[in-house]
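S.K.: Could you put the whole structure together from the sequences, leaning on the hints where they help?
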Amino acid sequence: MAHTERRDAPGLPDFSLLKRLARDQLIFLLEQLPGKKDLFIDADLMSPLDRIANVTILKQHEVDKLYKVELKPIVSSSDQLCFLIRPRIQTVKWISDLVNSDKVAGRFRRYKIIFTPQKFYACETVLEEQGVYGDVTTDEWNFYILPLDDDILSLELPEFFRDNFLEGDQRWVTTAGSALHLLQSVYGSFSKVYGIGRCAKMVYESWRELMEEGEQRTRQPEFAKVFLIDRDVDFVTPLCSQVVYEGLVDDIFRIKCGSVEFGPDVTSSDKSIKVMLNSQDKVFDEIRNEHFSNVFGFLSQKAKNLQTAYDKRRGMDIQQMKAFVADELKGLKQEHRLLSLHIGASESMMKKKTKQDFQELLKTEHSLLEGFEIRECITHIEEHINRQVSMIDSLRLLCLLSITENGLLSKDYKSLKAQYLQSYGIEHLLTFANLRQLGLLEEQQAGETLTVMESKVGKLVTDKTVGKLTDAFSSLAKKSNFRALSKRLALVPKSGEEYDLRVPRDMAYVFSGAYIPLSCKLIEQVMERDGWTGLEEVARMLNGQEFAVTGGCSSSEARNKTDAQRIVLVMFLGGCTYSEISALQFLGKERGCRFIVVTTAITNSARLLEALLDNGASV
Amino acid sequence: MAFVTANWNPLGEAFYRKIELYEMGWNLKDGLRECLVAAAPYGGPISLLKGHNRRSPSARPQLEIYSSSGLPLASFPWKSGVVKQLGWTVSDDLLCVQEDGTVLVYDLLGGFKRHFSMGNEVSQSQVLETKIFHSPYGTGVAILTGALRFTLATNIDDIKLRRLPEVPGLQGAPSCWAVLTQDRQSKVLLANGSHLFILDNTACTPVTPPGLSPQASSIVHMCDSFSYKYLALLTDSGHVWMGTSNLKEKLSEVDTKIKTPPKQMAWCRRPKSQQPSAVVMWDGLLIVVGECKETIQYHLDDDSILVPELDGVRIISGTHHELLQEVPGACEEIFKIASMAPGALLLEAHKEYEKESQKADEYLREIKEQSLLSEAVRQCVEAAGHEHEPETQKTLLRAASFGKCFLSNFPPEQFVSMCRDLRVLNAVRDYTVGIPLTHTQFKQMTVQVLIDRLVYRKLYPLAIEICRYLKTPEYQGVSRVLKHWACYKVQQKEESDEVIAKAVSVKLADAAGISYSEIATKAYESGRTELAIKLLEFEPRSGEQVPLLLKIKKSPLALSKAIESGDTDLVYTVVMYLKNELNRGDFFMMLRNQPVALSLYKQFCKHQEQDTLKDLFNQDDDHEELGNLYVKASYKEQRLEARIALLQSAVDEYYKAKNEFSAKTTEDEMRLLRFQRELEEKKGELLVGFSLHDTMTTLLSVGLHKQAEQLYKDFRVPDKRFWWLKLKSLAEKEDWEELEKFGKSKKSPIGYLPFVEVCIKHHNKYEAKKYVSKVTPEQKVKAHLAVGDMEGAAEAAIERRNESEISTVLSRCSATTDHLLMERLNRAKATAVKK
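Order-wise, the sequence lines are chains P and V. Residue numbers are given in UniProt numbering: position 76 of the first sequence equals residue 76, and the series is strictly consecutive. Residue numbers are given in UniProt numbering: position 350 of the second sequence equals residue 350, and the series is strictly consecutive.
Heads up, a few of these hints could be off.
Calculated cross-link-like contacts (lysine to any residue; reagent style SDA-like; alpha-carbon spacing at most 20 Å) [to be verified]: (1) V:782 to P:121; (2) V:579 to P:121; (3) V:602 to P:292; (4) P:256 to P:159.
Far from chain P, by Cβ distances over 10 Å, these chain V residues were calculated [as the list claims (entries may be wrong)]: (5) 91; (6) 172; (7) 236; (8) 540; (9) 583; (10) 607.
Quick caveat, the hints were computed from the structure, so don't treat them as lab data. The beta carbon of each residue, even a glycine, is placed where N, CA and C say it ideally should be.
M.R.: Set out below in C-alpha cells:
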C-alpha cells in the first residue's frame, strides 16, 4: 500500500444489519402468499436480490420457480404468481395484460405484486384502468439500501439519474429521503447536514418530514455529518476515463452490483468467472484505489511474497507441515486464485489501454480539462467520430468539450453534430436534445435567450454580480462555469510538474494527477470550513441551492469527540463513480476520518450517457 | 363500620347485598308503568318510550333518554312507526325496532344516525317479538315474525341477515326464547310448551336439559348469563333450573313455589363465583335463587326492571337505582362477622392504631406470626375496589397502607393502581355523570372504552382529566378526546368559521398526533367548506390534506399543496383525479401552470397515452418536442412509407420550431431511407435503417463503389470521413492494389500515417512500408516504429532533434541488438536537451 492509513481512523458501523432487515421483510411478504408460488423478478433486481436472499432461502419459503420479467407472455403452471418489481408503469401494464389474458382463458390464479422499494400511485392507477385492481394484491418491500461493501451503500436505482434530472420526475426523492431515514433510525442521528443541488434539497426536506413524523430516538450517533450532492453539480468527473484500478475494471468489464464477470481472456480458461469485488478480497482491497500504473508492480511483488510463503514448506518437519496445511495453505491457495485473476484482468486491461487510441484519448481529455490546445482536441474528436471508434466515447468527449468550454461555438456544434449523426444515425437527434436539456452538450448562441424549457423549469438565476468571473452567457442557469471553478478550487494542477503516482499528494491521482474531482474537492472544502462560508462564489457558480443544517442530536453530543464524529456520509444523487470513491478514501486517510458513500447507483461515463440515449433500443 | 354487613343476606355459602346506587333524578309520574324501557349494560344510559302502544296519531309517544342517575340526556316525540323494542348497542347507540322490521339508530343524545331494515320477510309478516343481544362480533338483533320464523343479524354494523329454519309443530308464539352464542355462532333457543329446540343456521334440533324436574309441563321463562355460558329456565311449576348453556350439565334446581309467570329473570353471578344464582322478578317481589333450597326475597314497591351486568344485576325503578350482587370474596373475608381472616385483622389493627391503642400491635403480631401480612394487605386493597362508599374505600386503603409499612418488599403497583382506579370510578359514578361502574366492570371495559363513553356524552373536560390522571399516552388519550371535541365543535352552527378555527387551533396546538384532516372532514360533512379549508391549513401532513381538498373540490389548491409536499405520489394522485374530473382543455391549462405536475403527467403519457402527449405539446406550441416525438415514433414504425411520413411530420414541426438544423438532418434521413430502399430492391443488400456511415461501409464492402461515391457527394460527407471509410474497407478486403491507387488519387486529407497503421493492422508490413515516405515529418517516427524500422525511426527522430521522440525510440530499442543505435540516440538526446 503506497499510502499508509492513519492509526486513529474510526471504525465503521456494521451495515450487514440492513441486509438482515431487508431479508426478514421479504420473507414475511413471501409468507403472506402461503403455498407454492412462482416468482417473477425484474431483471435489474436479480443481482441485488441475490445479495439479500439467495435461491435457497427463496425456495425455503415456497418459491417454486424463478423467472426474469421479460415483458413477454409467460409459461407457468403455478396457481400463484408473485411479482417482485420496481414500480414501473410498463411492468405493471404487462402484469395487467397477463391477468386479463388468464381471465379470458378462464384460468384462476392468485397474483401478488411486491413493489420495491415502494409503490407508486401511478402503478395502481394502471391496475385500475386495466380492470385488474381487485384481482391483484399489492405490497411494498422497503428494500432501500444494499450495502455493496463496508463503506459503499447503494440504492440500486440507476433510473434515478434520468428520471430526476432529465424527465423532471421527482418520484425517487422520497425514496432517497426514506433511505436516509432508515440509516438514521438504525444507526442514530446526525449532527450536521450539508448539501448542494435542487434534488439534494428536496431529499433533505423529505427526510426531515419523516424525522418529524416518526418518534425521536436519542442514541449515540454513528455518523457525524451527512453531505448530499446532486450529480448535475459535477458532470465532468463521471465523464473522464477512469484510471484507478476499480474504476478501470468498471469501465472495461462493468461491475454489476459489486461483482464482475471476467471473461475467458482474463481467466485464461474457456469459462467466465464471476468474482465479488469488495474488501473481503484481500488482494483487490489493496489495489482497488491504486493508480493503474502501480498495480502491476504491486501484483508481481505480491506474487513473489506468495511464492516465499509457499517455499516455507521446504525444510519443514512433519509436525510443521501439518500445521502449515491446516492453517495457512487454504488462505494461500485462495490468495493465489485471486491473485492470478487480478493479474489476468490487469493484462487484459493493459492490452486495451496501452493502445495508441487510448493514450490519445487521455491526452485529449487532459487537454480539455486544462483548456489547452482546444483546436487540436476538436480535430481529434472529429476523427474519433469519423472513424466510428466508439459511439459512447465520442459522445463523452463532445460533452467534456462542451462543459469545459461553456458550450460549443455554433459552427463547431453543427458540424460535429452532423458528423455524429452521419456516423450513428439520425435517432441521436433525440440524444442531442437530451444532452442539451441537461446542459451537457450545448451550442453557444449570440445574445442567448432563455429557452422555453428552461424558463419553465424556473431555474433562473439572477446573478449580475457574477459577471466579472463568467462570460456573457451566465444568464443560463445550466451553463457550466468549469473554467472559473477549476481556477478557484485549483482542480487542475499546474502542468509541467511531475506527478509521482506512487506517492499521491492529492486526490488528483485518481486522474493521473491531471484533475481533482470537483465533487470530492467540494466535499473537502465544505468539511474543512464546516459549512459554505467562503464558498459562496463557488456555490453560486454551481447554481446555488446549497445548505448546511445542524441536525438531530444536540450540540453537546456533537462536541463529544467520539469516533462517530469522524465518519462522514456522502450521498450522491444520480450516481457516483469508483474514482470518486477512491478519491474520498484518499481524503479520509489524509484527514483521519472515514467516508461512507451512499449512492443511487454506481455509475461511469458509459452508464451516464447510455441513460440519456434515446435511440430505438432504449424505448 | 358495623353496618357494612347490614344489607347482606346469606344464601347457601355466599352472601348477597343490595346497594343503592342513585336516587333517580327523573320525575316520572307513573313510574315505569306502561313504558318500554331499555338500559345499557356497564352503567349505560336508560331509554324510555311512554305510551308506545297507543296508536292514535294525535298522541305521539315521547322518547326519553336518561343517564343511569336519571338525569335527562334527550327527549323528543316519536314520529315514526310503532316501536316493538328498544335496546342499546355496545357503543352506546340506541336501537328502536319497529313493527315493520325497520331499525332506527340514535346516538345517546337523541341524534338520529341511520336506519336499516331487517328484510322483506319481516316487514311483510310484522315483528312479533325482538331481542337485542351482544356477541363478540358486536350488537345483534333477533326477530320473531308473525309467521313464527326467526330472522337474525349478528352485527348491526355489518348486516348479514340470516333466516333460521322453521320450527316443526310450532302453532303459536313460543312460550319463551333466547339468543345464545355458541361455537362462534348465534343460535336461538326456544321453548314450545315443555319442548326445547335449538335453531342454528341449518337445522332445528330438539334438546332436553338434563335433570329438569318432571312436574313441569311448560317452560315459561329463560335467560342466559352475561357471558352466555349459563342458562336458567323457569317452569310453570315454579322451578328454576340452572345449568350450562350447552345443556350438557345441570348446576342446580330450586323451587320458588310461585306458579305465576314472572316479569323478568336474570342471572346474578360474579365471575369466578362458586355458586350459580339467578334473580326472578314478579310484581312487587324479587327472589334470588342459588344452589340451596332457601331463597332470598325482596319486596319491591314499584315497577322495576332488571339490568344484568357482568357481576350482578341492577334494579331500576321509578325512584331508585340499586345493584344486587354476590358479596365479593375479599369483602366477605374482611367484613363477615367474627372473621379472623388476615384482612379483617389488619383492618382491626389499623382501627386500634388510630385509637392509639397497643392492641394494634397484638393484631399485627397475630397476622405476622402466620406470615399473612402481605395477604392481608392484598385483601384490603381488593375489598376497597369492591366497595361503593368512598369512606369505606378510604378505611380499607388506609389499613392496607398501614400494613404495607411492616412489609419490606411488597410491590406497590397493586395499591397505587387501585387508588387511581377508584379515583376515576368515583368520578364517573358521580350523580352528574351517572356511570355506576363496578371495579370488575371497569377492568373488563378498559380505560379506552370509558373515555369513549365520556366522549359520547360530550364530557370532554372530565375525559381529558382522566387521561391526564391515568397518564394515558397522548395519542390514545388527550389527543383523541380533543379530536372528538373539535369534531363536535365544528358542527356548532351558531359560531363563525374564524372563531371556531381559532378555538380549535388554540386548544389543539400542542397536542401530539392530532389529525386536522379528520376534523376538517367533519366540518365539510356538516356543510362548512370554508371552515374545512381553514382547518386544513393546520394539517402538517400533506398526505392528509390533499385527498380532502380534492373531495371538497378545491383541486388547484390540492395540486399546489401536493407539489409543495415534494411527494410525487401525491401529485400523481391529484393529476389522475383531475384528469377524470375536468375536461381536457381545463386539465391541460391547470397543468401548464404547474411544471412539476406537467412533467409527471408527460412521463405517464409516454407509457400509457402517446396521443395525449401530442395534444399536450400541441397546446403549448412546443414544436421542437413534437418533432422529437415524431422522430421517436418513426423508428418504431416498420413500414417504410409510414416511417417517411412520420419523418415528414417531424420536418414540418422542426421548421415551425425554427430548428433548421434538425429539419435538414431529418430531410437527409428521408432521402437516405429512399436511397437505401431503392438499392435494397436493386441489389438485395440489407440497408434500410443504417446510418449514413454504416450504409457507406456496407456499400464499399460489397464493392458498390459508385453508389458510395454518390452518397459521398449527395450528403456532403466530409473528405476525411470518406477517406477513412474507404481506407478501412479496402484494407478489410486486403485489396492492396486498389488501396495504392486510392492513395495516389490525390493528397490524403487524413495524412498517410493511417495507411501505414491500417496495413500493419492487417499484418502487411510490405504494403505499409510503401506509405512511410509519404508521412508528414511530425509523424515519421511513429510511422517508422509502426513498421518496426528502428533505424528509420532513429534517423527521423535525430533529424527532428525532438527529445521526447528520441526517448520513445529509445524505449523501444532492445539493449542486445540495437546497441549502436542506442548510443547514437543517447548522444542526440544529450544535444537536444542542451539546446
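S.K.: Starting from residue 256 of chain P, check that the Cα of residue 159 of chain P is at most 20 Å away, please.
M.R.: 15 Å, holds
S.K.: Using Cβ atoms and 10 Å as the threshold, tell me whether residue 583 of chain V really stays out of contact range of chain P.
M.R.: Non-interface label on residue 583 of chain V holds, nearest chain P Cβ at 19 Å vs cutoff 10 Å.
S.K.: Taking the shortest Cβ-to-Cβ distance between residue 91 of chain V and chain P, state whether it exceeds 10 Å.
M.R.: 30 Å, holds
S.K.: Report holds if the minimum CB distance from residue 607 of chain V to chain P is greater than 10 Å, and violated otherwise.
M.R.: For residue 607 of chain V, whose nearest Cβ neighbour in chain P is about 4 Å away, the distance does not exceed 10 Å, so it is violated.
S.K.: Would you say residue 172 of chain V is clear of chain P, with no C-beta pair closer than or equal to 10 Å?
M.R.: 49 Å, holds
S.K.: In terms of Cβ atoms, is chain P entirely out of 10 Å range of residue 236 of chain V?
M.R.: 56 Å, holds
S.K.: With a cut-off of 20 Å on the C-alpha distance, tell me whether residue 579 of chain V and residue 121 of chain P pass.
M.R.: 14 Å, holds
S.K.: Would you check the hint for residue 782 of chain V and residue 121 of chain P, treating anything up to 20 Å between C-alpha atoms as holding?
M.R.: 62 Å, violated
S.K.: Would you check whether the claim that residue 540 of chain V is not at the interface survives, using Cβ distances to chain P and the 10 Å cut-off?
M.R.: 8 Å, violated
S.K.: Within 20 Å, alpha carbon to alpha carbon, are residue 602 of chain V and residue 292 of chain P?
M.R.: Answer violated: residue 602 of chain V to residue 292 of chain P is near 45 Å, above 20 Å.
Of the hints listed earlier, those the structure fails to meet are numbers 1, 3, 8, 10, in rising order.
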